[in-house]
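Q: Given next are the chains, with one letter for each unit.
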Amino acid sequence: MFKIDPARVDLAREFKAKPYGEHSPDLQAVLTVMRGLPIEGKHVLVMTEPHRQWTLARMTGRPPKPELLSNHVFHSLEEAEWFVFKLRWEQITGQPLPLD
Amino acid sequence: MTVLMGYADQVSVAPGETAHFMVSCDGPSRYRADIVRLIHPDGGPDAPPFQEEVIATAVNGDYEARVQEILIGSYGEIPTSPLFDALESFTLQAMVWPTRPGRGRQALLGTWSEAEHTGFGIGLDEAGALELRLGGGAGNVATLSTGVPLMVRKWYFVAAAFDAASGTMRLVQEPLGGSMFHNASPVVIEGHTDLQPTAGSGPFLFAAWHGGDADGRLRTSAHYNGKIDRPRLASRALDRAEMAALAQAAPTAGMASSTVAAWDFSRDISSEHIHDTSPNCLHGQTVNLPTRAVTGHNWTGEVMNWQAAPAQYGAIHFHEDDIYDAGWQPDFTLTMPDDMKSGAYAARLTAGEGTDAAEYYIPFFVRPPRGKATAKVAYLAATATHNAYYNNVGRFTAPLTELYQGRITVMDGTDMLPLDHPELGLSTYDRHRDGSGVCYSSRLRPASNIRPKGRLWNYCPDLFVVGWLEHCGVDYDVITDEDLHREGLDLLRPYSVVATGSHPEYYSKEMLDGMDAWTRRGGRLMYLGGNGFYWRIAYHPTLPGVMEVRRTEDGTRAWIAEVGEYYMSFTGEYGGMWRRQKRPPNHIAGVGFISQGFDASAPYRRTAAAADSRVSFIFDGVEDDVLGDFGAMLGGAAGLELDCYDAKLGSPPHALVVASSENHSNVYELVAEEVAVSHNATDATQNPDIRADMVFFETPGGGAVFSTGSIAYVGSLGYNGFDNNIARLTTNVLNRFLDPEPFEMPPQAV
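Chains V and A are the protein sequences, given in the same order.
Be aware that the first sequence starts at 1, since it is given in this note's numbering, and climbs by one per residue.
Be aware that the second sequence starts at 1, since it is given in this note's numbering, and climbs by one per residue.
Isolated chain V, as found in the complex:
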């Protein structure tokens, strides 16, 4: 099975530059791992102001429901995607992503 190589910081840079749209096959493989995480504990976004503000949340319980992480508020979806990408990178590889 494919495993994310923590040395491939170039893929993280690629994602940060363009979170939506066509990605390289190697980045797509990374995203498939990240997006395929189990629903329990998965990060989601709650639109706290229509189309203008999103708050990070985690799915918890059975059936799962979002638990707001109110200290993480975003004003663009791209910003939120990058934040969650970094969280998942560390969660899966065990190493923090050395990028802001």
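By construction, these hints were calculated from the structure, which means they are not laboratory data.
Treat the hints with care, as some may be off.
Stated by the list, open to error - Reference listing, derived: stretches of chain A covered by chain V, where coverage requires no fewer than 3 residues with Cβ under 8 Å from a Cβ of chain V:
| # | segment |
| --- | --- |
| 1 | 40–48 |
| 2 | 276–290 |
| 3 | 417–423 |
| 4 | 447–456 |
| 5 | 528–535 |
Said to hold, decoys possible - So the derived list for chain A, only partly shown, Cβ under 7 Å to chain V, looks like this:
| # | residue |
| --- | --- |
| 6 | I408 |
| 7 | T409 |
| 8 | M411 |
| 9 | A681 |
| 10 | T685 |
| 11 | D689 |
| 12 | L738 |
| 13 | D739 |
Keep in mind it's a predicted model, so treat the numbers as computed, not measured.
Every residue gets a Cβ at the ideal spot worked out from N, C-alpha and C, and that includes glycine.
On the provided structure of chain V, position chain A as indicated by the hints.
A: Coordinates of chain A only, in the frame set by chain V:
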């Protein structure tokens, strides 16, 4: 925290007709209701602002708040009868196929009352084993369990015999045969009690226990998940051979004197009726629409159509999360004024203040007076599709959502309503808690996702079309799928142009026939969406507001129907994709579903065919080759769900593909029905079939069809104040389609 929600009993009303509005408001002591006409949805920063106008009506005002309850979970109910009350000894038996054994106590059948501890019944105990319960009044209860859990999704014969004279209770739990290996064993167990069950106030129920009264409605509990087939009730304790005789489809003559009821669920499958074949006529009805037309214990696998062998479809599949009608009391009733303009309306509810403020829209549509059109353009509101998506919970709880969406799952406050209130029920995109697909969806309950604000899907972006028509200043009527289903061609006949919303996915045969007939008689169809005309549905023959879909052998499916359960119970029609039933969307729209992806939208690029004089009107004043590289739905006009031209599937040979989208991402995958053999060239970066095709073709009788093949398309109409190439070319089409000058079918190419 304020919890505010409601629903209406009508989705489409004409002037002079009446709609009742039901509201539940938890928190504040009062709420406010205003009738509004919706002019433009809240589409975010890349769309014109939200616009609604308050319509002065007699119902606008403040109301006393109250909480109304939803009693979810299906069951069968046989009214109270002296025949039940008179029983001293008895045998209860059935074939059962449990789908959640071991998940709490679950009722099978009997008069047992949880509220009164009276009556008798068999069910599954906490561990999933067969259990008999006898009640002699408060706290006076006798139980006997086999102690052996039933296996999930396996047919069993279960029975309980009680002999009042000896106080003997006997349970029989026998796995039925089949081709699957298993190590389940038959269990027979006996016990003794001095208790004699006493009659309570409740009815005889299947799949639930009497739980008392809920403001005049029956409260039920211990809902069973699974199938029940051939339930029987006898007036004495039968031995095993007698039980076998009673279990026959037609109980043998020797059993006649002991048979109290022999219910046959294979009768009246399309209805809510439960039929008792015994002379006692202990008939009843189902409540909250458990699934019918499901395979029974004796299904051979050689018959797929329940109408061909109803005796093999004598089961009903009950679910703890089935719901049909929330059954609330009306809060206010609006009779549409005679001069009420046809349009998209809602009852806007508001309650609470500050952080406790809540807002909720109950949408409805006002059609023109019956038998009369008030405009040449009709906007066809996709109420069938809206209904299919009612309270789509799986979108947020399914593990695959983020993979196929290609982005973090986003929800808003209203989306969370059905997560916090599962009694609101599910959509046809969900699975029941037992894993089986939800094939019925009713609009007689509050919906979280049918509103003009928030996340852009279906109802909300469909209003972009309303906003565009408003901007054009053209007169238009609003008609709905339910109207089209009932009235067919008659509904469409007066109109020159019909415009769809973003995603008219669900069509009954009556709807499709009406649309097809109209386009063959000079009608001009503007299909402004993606993945349209895709699933075949049925509306219930008598119950209002409920539709059925069976996600059968192929297609992009949120669940897959059980084998043998492909024919719809409401009508007996074969379910599934229209593509598998000789009527692919390509026939009526020129394009058909090819791919979906939800990370980013893309623009179209004009093709060489756009230079054809037949389509010069489309591009009048449009100089750009790149069309729709902007929009409120992921930044482009082509996205979310895409349709392409495909001659093999019946796209008209004379159709012109005037523009095609390009550069879709890896997230856009080929739809399942296009992949016969697995391969790895299925995403848009590698597969040229994945694109939205903008198509025009003429139809007989001087009509024409213009299709965009993309859900995102409508989100580009209002960009830059409607000053953009998508709005321009779409308006060009509208104007030409309004021109009575007939379109000429082009000669066949030779």
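Q: List, from low to high, the hint numbers that the structure doesn't satisfy.
A: 2, 5, 9, 11, 12, 13
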